[in-house]
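My request is simple: use the sequences and hints to build the entire structure.
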Amino acid sequence: MKMTWKRAVVGVFLFLVLFWIETSAAAEVGVTSDSVVVGCSNSFSGPLAFCGTEMVKHGIEIYFRQINEQGGINGRKLIMKSYDDAYDPTRAVANTKRLVEEDKVFCILEPQGSSPVAATLDLEKQKVPLLFPFQGLPLPGRTVFTATTSYPRDAEIVIDWLVKTKGFKRIGMIYQDDQYGSAYLDTALKKLKGTGMELAAQESVKRGALDLSAQMVKLKQADLDVLWIVLVPGPGAMVLKEAKKEGWTKTKLLATGPLTDEKFIILSAGEGEGVWGFSVWPDPVHSQKPGVVEYRNLLQKYVPGHEPNRYSIFGYFFAKLFVEGLKGTGKDVTRGKLVEALEGIKNWRNDIILPVSFSKENHAAQESGFMVEVRKNVFQPISGWQSEKDGKLVESPLGE
Amino acid sequence: MRRITAFHWSIVTAACLAMFLLSPLVLSRYLVFILNLLAIYALVSIGLNFVTGYTGQISVGHAGFLALGAYFTAIVATKAPYLPFYVILPMAGCFAGLIGFLLGIPILRLRGFYIAMATLAFGVVISQIALEWRGLTHGDEGFKVTSAFIGSFVFDSDKKLFYLVQPFAIVLILAAHNIVSTRVGRAFVAVRDSENVAQTLGINLSWSKTSAFALSAFYAGFAGGLFAYVVSHITPDSFSLTISIDFIAMIVIGGMGSILGSIIGAVILTGIQQLLGSLPEIQMLIFGVSLIIFMIFMPRGISGVISSLATATRAGKRLSSEQEAGEKGA
Chain U
1 MKMTWKRAVV GVFLFLVLFW IETSAAAEVG VTSDSVVVGC SNSFSGPLAF
51 CGTEMVKHGI EIYFRQINEQ GGINGRKLIM KSYDDAYDPT RAVANTKRLV
101 EEDKVFCILE PQGSSPVAAT LDLEKQKVPL LFPFQGLPLP GRTVFTATTS
151 YPRDAEIVID WLVKTKGFKR IGMIYQDDQY GSAYLDTALK KLKGTGMELA
201 AQESVKRGAL DLSAQMVKLK QADLDVLWIV LVPGPGAMVL KEAKKEGWTK
251 TKLLATGPLT DEKFIILSAG EGEGVWGFSV WPDPVHSQKP GVVEYRNLLQ
301 KYVPGHEPNR YSIFGYFFAK LFVEGLKGTG KDVTRGKLVE ALEGIKNWRN
351 DIILPVSFSK ENHAAQESGF MVEVRKNVFQ PISGWQSEKD GKLVESPLGE
Chain E
1 MRRITAFHWS IVTAACLAMF LLSPLVLSRY LVFILNLLAI YALVSIGLNF
51 VTGYTGQISV GHAGFLALGA YFTAIVATKA PYLPFYVILP MAGCFAGLIG
101 FLLGIPILRL RGFYIAMATL AFGVVISQIA LEWRGLTHGD EGFKVTSAFI
151 GSFVFDSDKK LFYLVQPFAI VLILAAHNIV STRVGRAFVA VRDSENVAQT
201 LGINLSWSKT SAFALSAFYA GFAGGLFAYV VSHITPDSFS LTISIDFIAM
251 IVIGGMGSIL GSIIGAVILT GIQQLLGSLP EIQMLIFGVS LIIFMIFMPR
301 GISGVISSLA TATRAGKRLS SEQEAGEKGA
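Protein chains in written order, with the working numbering: chain U, 1 to 400; chain E, 1 to 330.
These are computed hints drawn from the structure, not numbers from a lab.
Glycine included, C-beta positions come from ideal geometry on N, C-alpha and C.
Please note that the accuracy of each hint is not assured.
Unchecked claim - Straight line, CA to CA, 27 Å or less: simulated DSSO-like cross-link-like pairs of lysine-lysine:
1. U:K376 x U:K250
2. E:K317 x U:K125
3. U:K220 x U:K289
4. E:K160 x U:K104
5. E:K144 x U:K125
6. U:K250 x U:K164
7. E:K79 x U:K104
8. U:K127 x E:K317
9. E:K159 x U:K125
10. U:K327 x U:K191
11. U:K220 x U:K193
12. U:K346 x U:K327
13. U:K218 x U:K206
14. E:K160 x U:K206
15. U:K220 x U:K252
16. U:K245 x U:K218
17. E:K159 x U:K104
18. U:K125 x U:K331
19. U:K127 x E:K160
20. E:K144 x U:K127
21. U:K331 x U:K127
22. E:K159 x U:K81
23. U:K327 x U:K360
24. U:K389 x U:K104
25. U:K125 x E:K328
26. U:K301 x U:K337
Unchecked claim - Here are some chain U residues the structure puts well away from chain E; computed CB gaps all over 10 Å:
27. P152
28. D178
29. Q288
Okay, structure coming up:
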């Protein structure tokens, strides 16, 4: 009788151990046997509503829809939860807490905006992966992966291209007086100093200012080879109009990565012809790269008649990269395994941008871009992919 | 039937308060964060109500006072890390109150629409200063706020912050409730209802208006200090014009000239934002339509409706007890 009692105790103990092993293996937050829930706080109203809506609704969600129709990843459907923060950092914090605490999401995917994202960086403390935010600053953290080419890297590449490839001597800059502008200005000054040069002229613009005539008069006097426009589309278009009005013919105008956007061309109302830019994406409307064609087909399948753009292709591309990482975790999905799987991605060919590689030290998905020129209101490539290796500019074929 | 006495009410109130104070033990971090945010927004709308609801002077720049308190707290907590929060927060309130007082002086010369324009400009200027004075405020990079502490205890989580925010909020709400029933509060109401009558009654108009601005700014500045600790990373984008408009909507919906209304408005507006966060189009629609409905059909807001219902109920009871007494007499 005594033996039976002991056996029963051992049996219950073993059962509990096995039950604990089973539940702990399947107990990753946001992951069940048939779904993986991810989420983001984004702008669906406010100044960046267009970008946020395109990125999430016509980018991430259409790709997830396709994956789910094909049976999901290892039998798990992908579910996207998103809340509007209207570019208000306080609401971004509340939304992110809600996603992590209430909705129990597995990771945060593609939130938007420097301020809202910076306000939510304590996710790192909770080991919740923050993947591919739409913003341009390098972000620290073992569980943080950044998306497109950062502002400082964009600035380094463009300075090298202007000085070494084009041989320009007199470079000027008109920049927005904030973190975005400073990132370009500081990098440009540092990079030029390394080549024994300096900016021939620099003029700042307050956020939201549209009258740039005073700055443009001063910049004209500097007799520049190229004027680098570090602004947002509205004031950027004003620079083009002022340049046209003042009869700038000798100076080339150049837009930064964030400004190389179709909205900039539309707002310049035909004055953008011949302007250069730094593009991180192939043209989402005209490019024949297989990855871009696939994106357009998917967009047409799920949202017929909807115009492709740089924001929905961002959403689509980084949803695809997330899925690549998720596949790498195998059947037992955990946050730690996702980070390791992403770090294990090497030369991921995607037929849209240059192959993506991560490592423990490098969590940036993209560090390159190519130069474009506006011709007939379209950004046409004028260089191959430009990237920096050991402080030197490297060019790779565009593959169009 | 036994009558409900004041003793019963105090037991119910104490039980509710105890449940509220114990709620972080069962609620998630997100919900506790929202409760903290609600308390902060309620304090700002009480402040705004002092100026707009009680004194009749519109302010469209209250996010500016919130920003003043938040940045003051963030900067002082960093530059003087030995100062505890219970010293910094009143200082933040007083600093914003002083600025509010100074803003109130030129506003004395203005009327209606022009006051709205001046306060709007104030809010924009404060946000712009926070953006441009990078050496002090870190500009749009944002300011990481040092956590509040008391001895070796650090308020570094939402649940811990609950016990910092809520006691201050309760004390300030009770203080506001008392202020409006004092001579000062009655002077504010007299100025709102008729400046001529107020002057005839011996009320100093200039003093009343500037002190309403100072008191209002004190509340918003104190709330700003709490906001800095709760959000822990502040940027100029946290204090945009939209936030000022949200505060106006809170007092319109909740009820102008009512402390309870300020709290109700803060709860409703923040609740709508959170509940409909995944449906932004509907959220904007509901926000706009409800604002129109309240302004046309319920100009005294929800607290006005509650107070009318309470008056009607009391009148009904009085009538029925009089009838009962009449029947017994007959």
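Hint-by-hint comparison with the structure:
no. : hint            : verdict
1   : U:K376 x U:K250 : holds, 20 Å
2   : E:K317 x U:K125 : violated, 58 Å
3   : U:K220 x U:K289 : violated, 40 Å
4   : E:K160 x U:K104 : holds, 22 Å
5   : E:K144 x U:K125 : holds, 15 Å
6   : U:K250 x U:K164 : holds, 19 Å
7   : E:K79 x U:K104  : violated, 37 Å
8   : U:K127 x E:K317 : violated, 60 Å
9   : E:K159 x U:K125 : holds, 16 Å
10  : U:K327 x U:K191 : violated, 40 Å
11  : U:K220 x U:K193 : holds, 23 Å
12  : U:K346 x U:K327 : holds, 14 Å
13  : U:K218 x U:K206 : holds, 16 Å
14  : E:K160 x U:K206 : violated, 40 Å
15  : U:K220 x U:K252 : holds, 12 Å
16  : U:K245 x U:K218 : holds, 15 Å
17  : E:K159 x U:K104 : holds, 18 Å
18  : U:K125 x U:K331 : holds, 26 Å
19  : U:K127 x E:K160 : holds, 21 Å
20  : E:K144 x U:K127 : holds, 20 Å
21  : U:K331 x U:K127 : holds, 20 Å
22  : E:K159 x U:K81  : holds, 25 Å
23  : U:K327 x U:K360 : holds, 19 Å
24  : U:K389 x U:K104 : violated, 40 Å
25  : U:K125 x E:K328 : violated, 73 Å
26  : U:K301 x U:K337 : violated, 33 Å
27  : P152            : holds, 14 Å
28  : D178            : violated, 5 Å
29  : Q288            : holds, 35 Å
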